[in-house]
Structure formats: structure tokens, C-alpha cells
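Undergrad: Please build the complex by placing chains G, S and D on the supplied structure of chain C, with the hints as guidance.
Residue numbers (this note's numbering), protein chains in the order written: chain C, 5 to 421; chain G, 23 to 324; chain S, 19 to 145; chain D, 78 to 347.
No lab work stands behind these hints, which were simulated from the structure alone. All values reported here derive from a predicted model rather than from experimental measurement. A portion of the hints provided could be inaccurate.
Said to hold, decoys possible - Result set (DSS-like, lysine-lysine): computed pairs, CA atoms no more than 27 Å apart in a straight line:
id : chain 1 : residue 1 : chain 2 : residue 2
1  : C       : 306       : G       : 74
2  : S       : 86        : C       : 345
3  : C       : 403       : C       : 155
4  : C       : 325       : S       : 86
5  : S       : 86        : C       : 332
6  : C       : 117       : C       : 182
7  : S       : 113       : S       : 86
8  : C       : 33        : C       : 319
9  : C       : 182       : C       : 159
10 : S       : 113       : C       : 353
11 : C       : 215       : C       : 136
12 : C       : 50        : G       : 74
13 : C       : 385       : C       : 215
14 : C       : 34        : C       : 117
15 : C       : 403       : G       : 74
16 : C       : 159       : C       : 232
17 : C       : 138       : G       : 74
18 : C       : 319       : C       : 34
19 : C       : 33        : C       : 232
20 : C       : 353       : C       : 136
21 : G       : 74        : C       : 71
22 : G       : 74        : C       : 214
23 : C       : 50        : S       : 113
24 : C       : 353       : C       : 138
25 : C       : 117       : C       : 306
26 : D       : 263       : D       : 334
27 : C       : 309       : C       : 136
28 : C       : 179       : C       : 159
29 : C       : 123       : C       : 138
30 : S       : 86        : C       : 353
31 : C       : 71        : C       : 385
32 : C       : 50        : C       : 332
33 : C       : 159       : G       : 74
34 : C       : 57        : C       : 123
Listed here are the chains, written in short residue letters.
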Amino acid sequence: MKRRTVVKGALAGTGMLAAPAYLRAQSAKKLSVLTWNIADQAELFKVEFGEFKAAHPGVEIEWLDKKGPDLPAFYQTQIVAGTPPDIVDIQGALWVEYAANGGLVDLTPYLQKEPDVAKRFNPDYLNGWVYKGKTYLLPFYVAKTLLYCNKTMFKEAGLAGPPQSFDELIGFSDKMAKGEKTGFLTLNFDWLYWPLFKMNGVELLSPDGKKAAFNTQATAELLARFAKSTASGGINKIAWTGRWVEPNGAFASGTVGMLHAHSASYFFVKGQGPWINADTLGAAQLPGFWSTPTNHGFAISKGSKNPDLAWEFIKFMTSDKSASAFFKTRSVLTANVAADKEGLASLQKTEPLAAAVLQTQIEHTDKLTGNWPLPYDAGLKDAFWPEIQNAVLGRKEPKQALADAERAVNRLLARKA
Amino acid sequence: MAGVWRVRRQRTRLALLLWCFLAPSLAIFLLYRVIPVIWNLVLSFQYWSPLKPAEPAGLDHYEDLLYDDVFWQALWNTLIVIASAPIGIVLALVLALLVNAEIRGRDAYRTIIFTSYPLMTVAVAIIWRWMFDERVGLLNYAARSLHLIDTPIPFLNSFTWALPCVIVANIWQMLGFYMIILLTGLQNIPHELHEAAAIDGASAAGRFRRITLPLLRPSIFLAFVIGMLNSVTSFDLVYVMTGGGPGRATEILVTYIYKLGFNQTKFDDAAAVTVVFFVLLVATTWGANRFAGGEAGAAETE
Amino acid sequence: MATLRRVLANRFVLVPGLLAIVVLAWNAYVFTHHHGIVAGRVVDQAGRPVGGASVALWVYNFTTYEEKEHVTTDHDGTFRFTNNPSHRIQVSAEKPGVGRSERVPVFLYFRSQDIDLSAPLRLAGAG
Amino acid sequence: MNRYPRWPIHLALVVVSGVMLVPFYWVLKTSVSGENIYAYPPSIVPARIHPFFYVDVWYAIPFARYLMNSVVVSAIAVAGNVVFNAMAGYALTHGFRGKGFVVLLFLTCMMVPFQATIIPAYLITGRLGLLDSWLGLALPQCSTIICIFVFKASFDAVPRSLIDAARIDGLSEWRIIWHVMMPLSKSAIATNVILAFIWSWNNFLWPLIMTRTADMQTLPLGLARFLSYQEDTTGALYAFCIMVLAPGLLLFLMAQKEFMRGLTSGAVKG
Numbered sequence: 005m006k007r008r009t010v011v012k013g014a015l016a017g018t019g020m021l022a023a024p025a026y027l028r029a030q031s032a033k034k035l036s037v038l039t040w041n042i043a044d045q046a047e048l049f050k051v052e053f054g055e056f057k058a059a060h061p062g063v064e065i066e067w068l069d070k071k072g073p074d075l076p077a078f079y080q081t082q083i084v085a086g087t088p089p090d091i092v093d094i095q096g097a098l099w100v101e102y103a104a105n106g107g108l109v110d111l112t113p114y115l116q117k118e119p120d121v122a123k124r125f126n127p128d129y130l131n132g133w134v135y136k137g138k139t140y141l142l143p144f145y146v147a148k149t150l151l152y153c154n155k156t157m158f159k160e161a162g163l164a165g166p167p168q169s170f171d172e173l174i175g176f177s178d179k180m181a182k183g184e185k186t187g188f189l190t191l192n193f194d195w196l197y198w199p200l201f202k203m204n205g206v207e208l209l210s211p212d213g214k215k216a217a218f219n220t221q222a223t224a225e226l227l228a229r230f231a232k233s234t235a236s237g238g239i240n241k242i243a244w245t246g247r248w249v250e251p252n253g254a255f256a257s258g259t260v261g262m263l264h265a266h267s268a269s270y271f272f273v274k275g276q277g278p279w280i281n282a283d284t285l286g287a288a289q290l291p292g293f294w295s296t297p298t299n300h301g302f303a304i305s306k307g308s309k310n311p312d313l314a315w316e317f318i319k320f321m322t323s324d325k326s327a328s329a330f331f332k333t334r335s336v337l338t339a340n341v342a343a344d345k346e347g348l349a350s351l352q353k354t355e356p357l358a359a360a361v362l363q364t365q366i367e368h369t370d371k372l373t374g375n376w377p378l379p380y381d382a383g384l385k386d387a388f389w390p391e392i393q394n395a396v397l398g399r400k401e402p403k404q405a406l407a408d409a410e411r412a413v414n415r416l417l418a419r420k421a
Numbered sequence: 023m024a025g026v027w028r029v030r031r032q033r034t035r036l037a038l039l040l041w042c043f044l045a046p047s048l049a050i051f052l053l054y055r056v057i058p059v060i061w062n063l064v065l066s067f068q069y070w071s072p073l074k075p076a077e078p079a080g081l082d083h084y085e086d087l088l089y090d091d092v093f094w095q096a097l098w099n100t101l102i103v104i105a106s107a108p109i110g111i112v113l114a115l116v117l118a119l120l121v122n123a124e125i126r127g128r129d130a131y132r133t134i135i136f137t138s139y140p141l142m143t144v145a146v147a148i149i150w151r152w153m154f155d156e157r158v159g160l161l162n163y164a165a166r167s168l169h170l171i172d173t174p175i176p177f178l179n180s181f182t183w184a185l186p187c188v189i190v191a192n193i194w195q196m197l198g199f200y201m202i203i204l205l206t207g208l209q210n211i212p213h214e215l216h217e218a219a220a221i222d223g224a225s226a227a228g229r230f231r232r233i234t235l236p237l238l239r240p241s242i243f244l245a246f247v248i249g250m251l252n253s254v255t256s257f258d259l260v261y262v263m264t265g266g267g268p269g270r271a272t273e274i275l276v277t278y279i280y281k282l283g284f285n286q287t288k289f290d291d292a293a294a295v296t297v298v299f300f301v302l303l304v305a306t307t308w309g310a311n312r313f314a315g316g317e318a319g320a321a322e323t324e
Numbered sequence: 019m020a021t022l023r024r025v026l027a028n029r030f031v032l033v034p035g036l037l038a039i040v041v042l043a044w045n046a047y048v049f050t051h052h053h054g055i056v057a058g059r060v061v062d063q064a065g066r067p068v069g070g071a072s073v074a075l076w077v078y079n080f081t082t083y084e085e086k087e088h089v090t091t092d093h094d095g096t097f098r099f100t101n102n103p104s105h106r107i108q109v110s111a112e113k114p115g116v117g118r119s120e121r122v123p124v125f126l127y128f129r130s131q132d133i134d135l136s137a138p139l140r141l142a143g144a145g
Numbered sequence: 078m079n080r081y082p083r084w085p086i087h088l089a090l091v092v093v094s095g096v097m098l099v100p101f102y103w104v105l106k107t108s109v110s111g112e113n114i115y116a117y118p119p120s121i122v123p124a125r126i127h128p129f130f131y132v133d134v135w136y137a138i139p140f141a142r143y144l145m146n147s148v149v150v151s152a153i154a155v156a157g158n159v160v161f162n163a164m165a166g167y168a169l170t171h172g173f174r175g176k177g178f179v180v181l182l183f184l185t186c187m188m189v190p191f192q193a194t195i196i197p198a199y200l201i202t203g204r205l206g207l208l209d210s211w212l213g214l215a216l217p218q219c220s221t222i223i224c225i226f227v228f229k230a231s232f233d234a235v236p237r238s239l240i241d242a243a244r245i246d247g248l249s250e251w252r253i254i255w256h257v258m259m260p261l262s263k264s265a266i267a268t269n270v271i272l273a274f275i276w277s278w279n280n281f282l283w284p285l286i287m288t289r290t291a292d293m294q295t296l297p298l299g300l301a302r303f304l305s306y307q308e309d310t311t312g313a314l315y316a317f318c319i320m321v322l323a324p325g326l327l328l329f330l331m332a333q334k335e336f337m338r339g340l341t342s343g344a345v346k347g
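Next comes chain C alone, as it looks inside the complex:
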């Protein structure tokens, strides 16, 4: 008797607790959107989704947001379960992996059908989303690396302006280094450090992409210079070991001369560094104008039930109106030419320094590097970077490190081929 009631209770409880799962689903016209750690934009999205629903009656929008490192885990689990979000906001080179495995919808036909959609965007940023001649994403918001200069330290070291060549870059760094102070820092996740190699003519892979091409005398010498300058304190060690908080924090503490990072760093650094204002912080291009982008774009999952509607949605989200609204609330470039122009103009008034930083992001977009569309980018990174770290931190002879890196990379390429 008692047992029965218990069992009954348990069953009832189960039904009730499981309810949310059943209540969801159905409804043919449902779009689910997975964004990459921008939950802070909830207000804006609420408004925009509202507009979209008004324009497309009977459509529901489910908004999901996951933190960067967690998004792939979530997205792939959803794919396996056969319920991928229709639209996904992807950063960096992850998309190539999905595109190459046929997980994303090819947007080229849509773009051909509606040519003026492509016209919205800065072509260089749009072309960043091309794999084997097909476009898979539309730019959501974009950033690329630039060189932040601590003008105060430049003055102390008697240096006029930002470095104009790699030699100057290293020279300046060594000049500014003394005691606590170091000359140069770079972010190193993804391929953000790659411009430093590119500007010295280093190529990662052979033109056909079948072999590693970086194991040269020149590269070895370059690594040796990095190692030397790092040991002497010209280059801050964190440049090779830190991730996000450490390098930006170090630069914000005012003891580092130059920071090679993308525009997102500005807001973080400004938040921590009370010393920062238009007279003390300079925003310049790296010598040779090379830079690595870290872009966000909207893609449509192959598993989407109604891709056309999804296309309508990303078209809407990247329209001049939405883009400039996004620029306004998040002070970031959208690669939508009109929106960026307008946004920069208004930012010029309220926060000129931020405007100056963002301005660098739409110049020299023809010299983007480190964003090669390779489906095994992540593996490549893991094969290449640790060895470089070993070399520049003086834990391995540059030649040896390069040889090991080459071996690892070539094995990867061979396995993939």
C-alpha cells in the first residue's frame, strides 16, 4: 500500500518535471539561433527578433548563447542529436571544419540571387568566409590585430612614433625594457601572432597546401631573435604564454610599450588601465600593415528545417539597420560598410580614442593573414604553436623546434590527405 503511493508519487513527479521538454518543440516555423558569448546584447536582440517576427508572422525564434570554448561542444552535440540550431554564430576558423564536412549551407546561390546583399559588406571581410569558392557565412562583427602603443613609455625611451619595420619593432622593445618594464606583447591564441611571421616573409604551408613550408633558415633566425629579445626582457614572456587576461592585463598595468592585439582588447585594457587616454595610448598598424582577423559570422546549419527563412534572418541581422544598432550598443565593427561609417562618425564625438582604434580595423583589409581556410586548422595550430613556444622561450633550439613542428604538421597533412 505504502509502496504503491510512493511509486505513484514518483511517477507523478516525473511527469511534472519532464514537462518542459514536452512543451517545447513542434511548431514548423521555428528558428533557433546560437550566438557566441554575447548574452549582454539580450535587450537589442529582443527588439530585433521582435521586428523580424513582425515581418514574418507565425515565426518563433529561439535564442541560445554559449561561451566561446563551450559553443563547439554544444553545437556538435546538437548536430549528433539531429537538432542543430538553424543559425550559428561562429568565430575564427571553426567554420571551415564544419563547411568541409558538409555541415553548413552554401550561401553562394543566395548571394547570387540577391547581389546587393554582398554589396553591404567590406569585400575583404566577406571573402574571409570563402572555402573552395563557396561563401558559407555573412559577417556579424569583425576585428583584426593592430599595434597599441604606450606613448608615455615611448617618450621615456626617447622614441618618436610607432615602429616602421620589424627591426625597429625589436629595437624599440629592447630600448623600452628595463626592470619591471618590457617592450612588446602579442596575443597568441588562434593565429593572432602570425603577422609577426608574415611580415618576415614566412609561409606556413606550400602553395598547394600539401606540405609545411615554414622550416627555413630565415624562420630559424626569426625565432632566434624572438628568443633573444624575450630573454633580455624586450619582449614580455606573456606574449608567448598568456591567453587573454594576462597580456591585456599586463599592458593595462602600464609597464609594456606595445601590445599587438585586436580591437576587442581596447575595451578590456581601458577598463583596467586608469592611465589610458588619447594622449597616452596610440593605435597604429603593424609595420607592413599585416594583420590577423578574428571575425564572427552567421552560418546556416545543413540540418536546418527551413534554410530560406534562416537566410532571411541572417540577411535581416546584417542589414544596415541591425548592423548599426549593434555597432552602437557594442562599439564594434560589423563589416557592413554603411553601418561602420555611421557608427564611427558618432563614436568620434563621444569617444574619439575608441573611434581611432576601430578606424584601424577598416584600413589595409587587403593584408589579412593567418586566416587560411583549412578544415584542419585546429589540429594545425596544435601541431605548430607549442613548438614555436618552445623555441621563443629558449627551451629548444629554433632549428630543432622547427624540425619537430614540421614533422608534426606534415604528419597531420598526410593523415588528412
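TA: Okay, now just chains G, S and D, sitting in the frame of chain C:
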């Protein structure tokens, strides 16, 4: 005759009932432990990714592992972590002996020392990341104000320090747990033994070696197994504190499995690593059990 | 009766109960004090109230403070915003000819808490 | 027998306690310090204490909703643990065919790294139709091996005569558990409650994968919000840590006496 029958029937009925009692737990473990392991096992012999249908791969993935430096590094680091568990246990043993003495406020001490165990690992990781912070971390601050070092140590960013730091954080969290388990063991050692030995004129050290340690073995075994499992599977800790970096300095098998699967969409390779990892754990536990003289195992399977 | 007291008078009931009371009290306070009123005064260097100065309310918006709205001070230099939506704001005042104040950051204990700024905004430098 | 000086012991223990507590203090201090937390040298005692990081946290995520989810999920997990583990533990106190196998199975189950089981676990939960639901969140945590053995140990301590007497009185096994065993194993229950609560409360990866809608998220997931890339949210992050840890600590401190006893009695046979 009939009596025998009744007894037997009762026995079977009891056994049936007992299995019913076990059923819920068994079901849960089946769903969330056993089946997934089998899934991994199968997957490790296939080529598969969320976007591709599976096809047989034979031993390819295991072969790949042989040439995969990262795998070996991660395996090595994992072994180091396992090897570090005894450090915590020794510390805990000392503490257990101390809080086992008849002193005032020992319950307070026990509670304080145990308090770090209930904490959420992610939070523990964040806390210790802050403690180890290069510029404003407490450790660097202390070391500098004591003039032990003149330039701050980038603990979590240095190849030499990163792994020890993670291990320290882990021990900090597990210490109380070890202590309690060992304390139990101590309290279950009958006093008479000690007194008898004392009368026979055995020194404190001698008593400890001859009586306490041997009788403590099962507890030590338990502490080791739980602690070992907890630290090698402490994904959150490494993931938040160092993300496996710098380089591969703190890459352990769990984090590597996660990265292989979800960052590189190589779930098949990840499955192979998982199988190896699983075997490693089982082997270690078995070894520890042997070392403990099998009492622990006996306690279970008697 | 005794059992009842025993049930009620143990820490598993008392502690949560106490917490619940505190929370309720706090919420009661919040619901009576969130009209979004931000009031204050504007004075010049000499400390004399400045009428007709325009005061700006900056609302924190993810990365930057964004100008939400303006009011002008009365002849006695007082001003009053009536619908501040945020818990993290800045106020600044300026009057052509008299000068401008710096942006004074204001942290509130909850969204649109009513507050009367004790320190007046001081206009400095001929703006 | 016990004629040794006490003060060295106290000294040692005080030092250790200090080491155990300092990290708490450091984070607490950071979470309430008004001055720039990146200033060097860091102040040992915060000059200006303010709670505004906590305010930021409260508004940065739907805190109340997440809190509720966490509480409900933990409650389910706790209930599941107490009931299922008691049953399993009781079963293990008897000898029956296949017991060795069961114990072995339990022990091996302890060695499965959860990270490697995410995808199948997710698919299974989907089959059960429990995705994105409280029950689905709690289910994997609803029975834990250590706690089963805690119960087994404390049941073993119950004199058999008592059980036999109960049998003769014609009580069913079920009744024996709830009316004879449980009242005698309060500390084991406390242990189960606390450990189960802690484990499900602290679970991070599973909710991350399992939950889809924003209002099914649990508190630990809220942490993600504070590792946002553009602004520096360090202060808020530590405030959040405190807010997440508080409930678990509170529960532990309230029940710690029974808990310690339970764990110690349970761990004996492990």
C-alpha cells in the same frame, strides 16, 4: 520437506526483491556509465564525426596515438597527477593524527580543514587562478614582500610551475576529504592494541609503524582511489586554470579527450584515448588494491 | 506541542527562515524605492548654485556609458531625473560660460534606486 | 598515555587552518574591494568596501531563475540519492547471487570520465524525452557509488538481531529499510544529502550540454557570462564565485556534525 521448499522460495523471493532494490541505481549507472563506455569502445574502431557516417577503422586510431606526442605528454602529466595523490594523503595522515589527539576545538579544526571539499571545482579553479596571478596574486605578493623573489613568477604561464600549481590547487581541495577518511581509519583502531604495545615498551614511532599503518591500509587505499579518480578527472580545474597550457604543460588525458572531440571534431580519436584512459584507471586501482593487501576488495566482495 | 517546538527550533528551520525574512524585507524596501529618481545640485567653483545648467545622465551600456537624457537645473541649482533605468550610471553637468563638471560615477544597490546625490556637481573651467 | 604538550598541535593546526582559509578570504576581499583590484601592491584589507560587484552579478544574469533551477535540480538529486542509495545499500548488506559482480560494476563505474560520455549521455537523455528538463539535469546524479557504500556501511552496523526480529514481526523488506534501518542511520542520510547536493550543485559540463533554453540554465553556467571578452569583469567574477559557493557552504556548515560522522562511519568499509 515442505519447510525446505518454503525456505528456498523465500530465499528466491528475497533475492528478487534485492535485485529490485538495486534496479534504480543499476539503471542509472547503465545509462550514464556503462553504455557510454561501450559507445566509446565501438567508436574507437571506427571513423566517425557528427557530420560523417561511421565506417570501420580497425586499429588506426590506436596506431595514431603511438605517434601522437600530445597524447604521450598528456599521459605523462596524468601519471604525474596520479603520483601526486600520495603527497596529499601523507599530509592528510599527519593532519588526521593531529586532529585525532584529545585537544580542545578539534571539531572546529576538522570542519575548517574539510570546508574546501564542498566547493565547486570551477570556482576553486577561479579562486586559485587569482591566488597565482602574476601581478596581484597573493602568492607573488607574499613572496615579493618577503624578498624571496624580486620579479613575480608567472605561475600558471610557466612551463615549470603550471602543473605543480594545478596539483596544489587539487590537493588543497581534496585534503579535508582524505583527512576525514583516514581519521575514520584511526578511530577504528582499537585502543587496547596501542596500550598493549606501549606496555611492551614499543616507542611511539614503533607503534605507529607496526600497528597504525598496517591497520590503516584500507582507509589509505580508499583515500587514494577516490583522490586519484577525483584529480585525474578534474577537468574543470585544468580547463579553467590553464586550459592545458602553456604549451602542453598541463594537458591531461581528460582535457585532451575533450579537445580532440569537441575542438577538433575527432571523436573517434578521442574515443581511443578514452579507452586507454579507462584501462589506465582500472589498472591503477587494481594495483592500489593489491598494495592495500586486497582488504578493501575483500570488504566489498566477501 | 513539545515535538512541534523541537521541529521548529532546529537550525535547519531557523537559518533558512531567517534568510527568507531578510530577503522579504529587502524586496519590500526595493519595491518602495525604485522609481528611478536621481536628484542633486549643481554649483560653480565658489559653491554658488547654478541655475539653467544642463545635466546629463549617462547609463552604463556594456562597454561604454551612453547619454540617456538631459534635464536643466532650477534657479536653486537642483535637478531631478525621474526614470533612470540602470544600477550603474554617471551624471555630468555643464553650462556655457560657467564651465563643465566631470562625470560623477554613481553606483546603486538595485536598478533605478531613488537617490539624492549628497555631493553637488561642481562646474569648473570656462567651458 | 596522553602526557604530551598540546600547544605544538594547536600551532600546526592553526597554521593549516590558515592555509585552508586564506584563499576564501582573498577572493572575498577581491569581490568587495572598491579600489582597482589590479593595483600593486594589493591591499590586504580592502580600503573601501562596496557590494557593487554583487549588484552587477545580480543584473548580469537572471540570477533568481538560475538559482531556482539549481535548487530544484539539487533537490531532485538529493531525493534520488537518499532513496535509491538506501535501497541499493540495503541490498548489498545481504549475500545473494551476482553480488560480487554488482560491486565490481559499481567500482568500475567510478572510473568513467564524464567528459567522454557526454554525447551518448545526451542521446540517451533525448530518447528518454528529458532534454532541457530538471529531471534530465538531475538524473545522472541520482545515485552515486560512494554514497551507496556509505549506506551499506551504516546498515552493516545495525545488529542483525534487530532485523531478524523485524522479519519475525512480519515486516516487509521495504518497511525494514524505512522503519528500522533509516532511523538508525541519520548520519549516513546527512552524508548522502550533503554530498549529493554538492555534486549536483557544482555540476558544470552536463547542464552546459543539456540545457537549451535560457531559463533552464543553472548557476554554474552563469559563470560563463563573466568571462566575456570585451569588458573586464574580474571583480564581478569573484563576487559570483562567492554567491555560487554560499549555499553549498551554508548547508554543509549546518549539517556538518552529522555529515562528518556519516562520512567517517561510512568510509570504514568503503
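Undergrad: Just to be careful, I want the Cα atoms of residue 50 (chain C) and residue 332 (chain C) compared with a cutoff of 27 Å; is the pair within it?
TA: holds (16 Å)
Undergrad: Residue 123 (chain C) and residue 138 (chain C) were given as a pair; does the straight-line alpha-carbon distance stay at or below 27 Å?
TA: Holds: residue 123 (chain C) and residue 138 (chain C) sit about 16 Å apart, inside 27 Å.
Undergrad: Within 27 Å, alpha carbon to alpha carbon, are residue 33 (chain C) and residue 232 (chain C)?
TA: violated (60 Å)
Undergrad: Is residue 319 (chain C) within 27 Å of residue 34 (chain C), Cα to Cα?
TA: Cα-Cα ~17 Å, so holds.
Undergrad: Would you check the hint for residue 353 (chain C) and residue 138 (chain C), treating anything up to 27 Å between C-alpha atoms as holding?
TA: Violated, at about 40 Å.
Undergrad: Starting from residue 179 (chain C), check that the Cα of residue 159 (chain C) is at most 27 Å away, please.
TA: holds (11 Å)
Undergrad: Do the alpha carbons of residue 74 (chain G) and residue 71 (chain C) lie within 27 Å of each other, as the hint requires?
TA: holds (26 Å)
Undergrad: Compare the distance between the alpha carbons of residue 86 (chain S) and residue 332 (chain C) with 27 Å, and conclude whether the hinted pair is satisfied.
TA: Holds: residue 86 (chain S) and residue 332 (chain C) sit about 13 Å apart, inside 27 Å.
Undergrad: Given the hint that residue 50 (chain C) pairs with residue 113 (chain S), does the C-alpha gap stay at or below 27 Å?
TA: violated (38 Å)
Undergrad: Decide if the proposed pair is consistent with the structure: residue 138 (chain C) and residue 74 (chain G), CA atoms, cutoff 27 Å inclusive.
TA: holds (20 Å)
Undergrad: Measure nothing beyond the straight line between the CA atoms of residue 309 (chain C) and residue 136 (chain C); if it is 27 Å or shorter, mark the hint as holding.
TA: Roughly 25 Å between the alpha carbons, so the hint for residue 309 (chain C) and residue 136 (chain C) holds.
Undergrad: Please work out if residue 215 (chain C) and residue 136 (chain C) have their alpha carbons no farther apart than 27 Å.
TA: Measuring from Cα to Cα gives roughly 18 Å; hence the hint holds.
Violated hints, listed in ascending order, are 3, 6, 12, 15, 19, 20, 23, 24 and 33; each of the other numbered hints is respected by the structure.
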